[in-house]
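Enquirer: Listed in order, the protein sequences are those of chains U and F.
This note's numbering numbers the first residue of the first sequence as 1 and each following residue consecutively.
This note's numbering numbers the first residue of the second sequence as 336 and each following residue consecutively.
Here are some, though not all, of the chain F residues that point toward chain U, as calculated from beta-carbon distances under 8 Å: (1) S399; (2) D400; (3) P474; (4) E507; (5) P510; (6) V511; (7) E580; (8) R595; (9) L596; (10) L597.
When the alpha-carbon atoms are kept at most 27 Å apart in a straight line, the in silico DSSO-like pairs for lysine-lysine are as follows: (11) K369/F to K101/U; (12) K122/U to K374/F; (13) K85/U to K122/U; (14) K101/U to K564/F; (15) K493/F to K101/U; (16) K93/U to K557/F; (17) K374/F to K133/U; (18) K586/F to K437/F; (19) K133/U to K557/F; (20) K101/U to K557/F; (21) K92/U to K557/F; (22) K92/U to K374/F; (23) K85/U to K374/F; (24) K36/U to K85/U; (25) K550/F to K101/U; (26) K89/U to K374/F.
Chain F side only, calculated, beta carbon under 10 Å to chain U, not exhaustive: (27) T376; (28) L380; (29) S402; (30) E472; (31) R475; (32) T513.
Simulated from the structure, these hints should not be mistaken for lab results.
Backbone N, C-alpha and C fix where the C-beta goes; we use that ideal spot for every residue, glycine too.
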Amino acid sequence: MGFHDLAKQQKTVSRILTNALRRDQLAHAYLFEGPKGTGKRQAASLLAQAYFCQTKNDDTIEPCQECVNCRRILSGNHPDLVWVKPDGKSIKKEQVSNLLKEFSYRGVESIRKFFVIEEADKMTAQAANSLLKFIEEPSPQTIAVLITEQAHKLLDTIVSRCQTLTFIPLPEAQIAEQLVQQNISEPLAKLSAAVTNDIDEAVDYCHDEWFAKARQLVIQLMEGTMGQSHSPLLMIYDQFFPHFDEVHKLDIGLDFILYWLRDILAIHLENEKDIVFIDQIDILKNQALKSSMQQITGKMSAVLAAKKRLSANVNLQSVMEQLVLRLQGGSHHAV
Amino acid sequence: MQDVMNSNNHDTALAMKFSITKDKLVENVNHVMKAVSSKTTIPILTGIKITASHDGITLTGSNSDISIKSFIPLEENDEEYATIEKTGSVVLQARVFSDIVKKLPSEFVNIEVDSRLITRITSGSSEFNLNGLDAEEYPRLPLIEEGNVLHVRTDLLKHVIRQTGFAVSTSETRPVLTGVNWNIQNGNLNCVATDSHRLASRTISIDADENAEYKNIVIPGKSLNELSKILDDSSGEWVEIVITESQILFKTKHLQFYSRLLDGNYPDTNRLIPTESKTDIILSTKALLQAIDRASLLAKEERNNVVKFRTLEDSIEISSQSAELGRVFENVELQSLEGEELKISFSAKYMIDALSRIESQEIRISFTGAMRPFLIRPVEDEGILMLILPVRTY
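Put together the whole structure using the sequences plus the hints.
Expert: Listed below in structure tokens is the structure:
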């Protein structure tokens, strides 16, 4: 990847970085902020390459991708590039102390050093505070890049010391359109475009059988919770849990449910072009007739609450049981 | 199947080939293994880099903080160690490689690498095929410019490390204090370490270019400790020192020890050292050390390990007490006492640390009052200076 690739999706970011490189005026700390799949990590890696590359093109500022430094940055073997990402749910104390040590040492090969902290919001306040000093008065040849999807979770004191670059997602419609051009069915394209901002990831999803099956199951579940034909609770034990057996899988499932509800809301608002489950429009319309906007937003907050419980390590089954009951409860009141 | 794979092996070009005596290989692998850590975040550093060149074989191990290069010449003192058939280099998984070479059956080892970096290690009737890594991925250690080389005798360097390294800070709050600050000027090397409660300084004259001047070279205390372990005690040998912008290199005959330097400005320690004194005493190093050691038996039961110190007419009284255990008094004879009477308290540990690193028979201690830091120096000044901050108790 080069800056011209980055510019396709992140025009502003690419321009700011190339200008800074050209004038040799890189900030000492950057905050790359934006939703998942917008190329933040690739941009950090690219910036590191441009910083260390030995045979960089002086006009285009593109790193050569071929010299020892460029290659070692991609393979993770460059000794003066320190790349930290959360080990599990948080950035561990040991990782922070290693980071502090690296900040206080000079480089291995030269005095240039480059730091990348992925998911910087997952640092404890104490860890973040201990980094402040280094971000505030770094040695002149040190550059730090903090990456986060949730900039508001970072300490203000950190944010104020970084130059913030915002990575914008491609509009959903645009991703879906590109997918359809690749011979992917529209319903699947729309759903994967809703789940991710990364076009490559979206393509992967579309070719993933798990993803298609998950979509079917969620449609079945949503039919069940709003109608009286078959019991959704039985259905989640039979089919749902075996399929959504891990936290991240269930998290995607909950997103699907959220899109379903959003679709019903879109029908209420007569905004049909935004509908994700485009092939289920009859069922959606039917459900829209049966429920008020208030009920739908109530259900959406139930789903958001379930997502929160999921990230707090609550048992998967109990999260879903409670959610299904609340989704059903809403419609029963309506009757 | 086996045959097909073998014939494939022959098709690929040879990237490196040499044979070496097992003992020499094991000895040198052991040297570089001291720098290899399993807890590294850089994958390639789990390996040892092996380079065969026309004059010998070089092994390199590193944990990025320190790196050790070990050189095996083709022959030395009429003994043949290695023969090179094809020069080249490869990186092999360190732990596995070192275990393998130790257990090889024969006196000789052949190592052969093909262009896909498959490494064949044969010895006697045993054959290992290891997957090698690309040596290009390995960190490049700074190149040595022959111009700016300093020379220090090995035993002297070890002394200097022993006399300063103990005083570095172990707290990460001020990282630069975890190192020893080296300054080189006018053919003198001055080393200072402090944890802000005590300070140790040693100056020696070194064999360097008159104009060689280096300031603020802060070497991590941990690295110096490792270096000291590696340096051979047989005195008389010289260590060559090369300083680059990011690393310092210590070079002995066949070993090269690299350490990264600490970043940041070392505080100016000269202004901490008092220039005048109000009370000066001269006494036997050993007598004082032993007395403090005894007093510390009770003092260390208390949390802070503090001993009290009081001047009498021609001796000093050292005392300490533990609320639970009891108390101890001891008088130590003085050679001389000049200036005011004094009562002072200090950490027994700091005093023992400092005294045990002074080899001279007699020391001079200069106080400037009970609240000010005091200086310990050998009577025949050898460029050693220890400074300790007192504790408020009297």
